[in-house]
Amino acid sequence: ISLAFFESSLALLASASAFSAAILSSSAFLAAASAACPNPLGGRMKRWVQMHDKKGNDDLTVFSQDKLPVQWVSWLRHTRTVAPTINDLIQEERRREMVQSRAKALDQQWAKRKLELEKIQEDEQLEVNRLSAIDKAGEQKVQTTQPTGQGDTFSPGEWTPTRSKR
4 ISLAFFESSL ALLASASAFS AAILSSSAFL AAASAACPNP LGGRMKRWVQ MHDKKGNDDL
64 TVFSQDKLPV QWVSWLRHTR TVAPTINDLI QEERRREMVQ SRAKALDQQW AKRKLELEKI
124 QEDEQLEVNR LSAIDKAGEQ KVQTTQPTGQ GDTFSPGEWT PTRSKR
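For the sequence shown, this note's numbering assigns the number 4 to the initial residue and increments by one for each residue that follows.
Source of the hints: derived by calculation from the structure; they are not laboratory data.
This structure is a prediction, so every number in the text was calculated from the model and none was measured.
Check before you lean on any hint, since a few could be wrong.
In silico DSSO-like pairs for lysine-lysine, Cα to Cα no more than 27 Å straight-line [as the list claims (entries may be wrong)]:
id, residue 1, residue 2
1, 107, 70
2, 107, 117
3, 70, 49
4, 107, 122
5, 139, 122
Distance windows between CB atoms, simulated [as the list claims (entries may be wrong)]:
id, residue 1, residue 2, range
6, 169, 124, 52 to 60 Å
7, 132, 95, 50 to 58 Å
8, 119, 161, 41 to 49 Å
Glycine included, every Cβ here is placed at the ideal spot set by N, Cα and C.
Please construct the entire structure, taking both the sequences and the accompanying hints into account.
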């Protein structure tokens, strides 16, 4: 891949839409030159990319893996045969945004579902409490039909005579 290709890519970048410029500037990456040089020891070609840091730091020893797009990393490591184009980078950025928006929508759906489940559990708990209160009140009524207490606190239970069977 020639240096002219990358110079034309940079010219294309300068004339690209604001969207693509924002994408590439957001990744903090601009390739001034990229080339494949022959390896003096033989073997495969050496690949390099010259990075421009937005902060004005031209020290090549200061390198952050996060700033270099995956497409460039794969090209530098010889897992990608062709260097990435600006369209590849734009397409990847759009895909990433789409995945993030879908993930955000799923998170919102799960949050809504969680709130619905909590409300259902609250309603069930209130129903259980109401039924247990009714049961306790019913038990108290049953207990009042029986005599209770001893001595001064004795109270006779209620009695309703029934017809005898003949």
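Problem set entry | Broken hints, by number | Violated hints: none at all, because every hint is consistent with the structure.
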